[in-house]
Amino acid sequence: DTGVSQDPRHKITKRGQNVTFRCDPISEHNRLYWYRQTLGQGPEFLTYFQNEAQLEKSRLLSDRFSAERPKGSFSTLEIQRTEQGDSAMYLCASSPGGRISYNEQFFGPGTRLTVL
Amino acid sequence: DAKTTQPPSMDCAEGRAANLPCNHSTISGNEYVYWYRQIHSQGPQYIIHGLKNNETNEMASLIITEDRKSSTLILPHATLRDTAVYYCIVREVTGNQFYFGTGTSLTVIP
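Top line first, the protein sequences correspond to chains U and B. Okay, so the first sequence: first residue is 1 according to the numbering used here, each after it adds one. Okay, so the second sequence: first residue is 117 according to the numbering used here, each after it adds one.
What the hints contain is simulated information worked out from the structure, not anything from laboratory work. Only a predicted model underlies this, so the values are computations on that prediction, with no experimental measurement involved. Where hints are given, some of them may not hold.
[As the list claims (entries may be wrong)] From the structure, some residues in chain U lie toward chain B, with a derived Cβ separation under 8 Å:
hint: 1; residue: 41
hint: 2; residue: 43
hint: 3; residue: 45
hint: 4; residue: 48
hint: 5; residue: 91
hint: 6; residue: 104
hint: 7; residue: 107
[What the hints assert, rightly or not] Pulled from the structure, derived: some chain U residues nowhere near chain B, Cβ distances all over 10 Å:
hint: 8; residue: 73
hint: 9; residue: 78
hint: 10; residue: 80
hint: 11; residue: 115
[What the hints assert, rightly or not] For each label pair, taking beta carbons as the anchor points, the in silico distance ranges come out as:
hint: 12; chain 1: B; residue 1: 169; chain 2: U; residue 2: 28; range: 23 to 31 Å
hint: 13; chain 1: U; residue 1: 84; chain 2: B; residue 2: 146; range: 38 to 46 Å
hint: 14; chain 1: B; residue 1: 133; chain 2: U; residue 2: 70; range: 45 to 53 Å
hint: 15; chain 1: U; residue 1: 20; chain 2: B; residue 2: 127; range: 37 to 45 Å
Beta carbons are placed, not taken as given, at the ideal position from N, Cα and C, and that holds for glycine.
Extracted from the complex, chain U is given alone in its bound form (with noise of 0.2 Å):
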């Protein structure tokens, strides 16, 4: 247990729905990040906060696609309109910042979507 925690673990949807996950993040790190891994793939960067800023984003994250931190603590993950190319692992890691060269990320478990 890295200390990230991610809810829910899993969630199936039907095609259209809208789905939020959220992520808990080591209460003292200011970094948060958010992968997508498909079945055989590594985890693919989505997009990162500092704080409550969102200061990167991939272009895989398409405007269905939309992420919060409103506090700079936990972040939520909202895609609307599912399509079924969106089952996916969606993880979460957060960073402390601080020293860049020791800014390795801790991983939540992740939340398995699949889209009906």
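Starting from the known structure of chain U, fit chain B onto it as the hints suggest.
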């Protein structure tokens, strides 16, 4: 995009050392080498990282060649619980995201 090349799979006998290679021939001077692993259905777990010197911690050793174009992760006494996908990643000092690639699937055999 991933800047590393790893073999897709490897086997190792339990109790023996597992040596996982990684090529990163285009690495630049300000890029670190990180290793993560992912056990089935879990999030990636940090193992070790280094710039140019060899590094060792309680989990593994990282050997980086003098020209920094390749590295080897060494698990000194592999156990069945070390069966996982191992990712070698290079990242700039100021970088934020990790590019994972497809990694090496290590199977430790009893």
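Checked hints:
1. Checking residue 41 of chain U against chain B by beta carbon gives a least distance of about 6 Å; that is within 8 Å, so the hint holds.
2. A least Cβ separation of about 5 Å between residue 43 of chain U and chain B falls short of the 8 Å threshold, and the interface hint therefore holds.
3. Nearest Cβ of chain B to the Cβ of residue 45 of chain U: about 4 Å, under the 8 Å cut. The hint holds.
4. For residue 48 of chain U, the interface hint holds, the least distance from its beta-carbon to any beta-carbon of chain B being 5 Å, beneath 8 Å.
5. A cut of 8 Å between beta carbons decides the hint on residue 91 of chain U: the least distance to chain B is about 5 Å, and the hint holds.
6. Interface hint at residue 104 of chain U: satisfied, since its Cβ lies 5 Å from the closest Cβ of chain B, which is below the 8 Å cut-off.
7. Of the supplied interface hints, the one on residue 107 of chain U holds, with its beta-carbon coming within about 3 Å of a beta-carbon of chain B, less than 8 Å.
8. The beta carbon of residue 73 of chain U sits about 19 Å from the closest Cβ of chain B, which is more than 10 Å, so the claim that it is off the interface holds.
9. The Cβ of residue 78 of chain U lies farther than 10 Å from every Cβ of chain B, with a closest approach of about 20 Å, so its non-interface assignment holds.
10. Every CB of chain B is more than 10 Å from the CB of residue 80 of chain U (nearest about 23 Å), matching its label as outside the interface.
11. Non-interface status of residue 115 of chain U relative to chain B is upheld: no Cβ of that chain comes within 10 Å, the nearest being about 19 Å off.
12. Between residue 169 of chain B and residue 28 of chain U, the C-beta spacing of about 28 Å keeps the proposed range 23 to 31 Å intact.
13. Between residue 84 of chain U and residue 146 of chain B the CB atoms are about 41 Å apart, so this pair conforms to the stated range of 38 to 46 Å.
14. For residue 133 of chain B and residue 70 of chain U, the Cβ-Cβ distance of about 48 Å falls inside the hinted range of 45 to 53 Å, so the restraint holds.
15. The hinted range of 37 to 45 Å is satisfied by residue 20 of chain U and residue 127 of chain B, whose Cβ atoms lie roughly 41 Å apart.
In terms of the numbered hints stated before, the structure departs from none.
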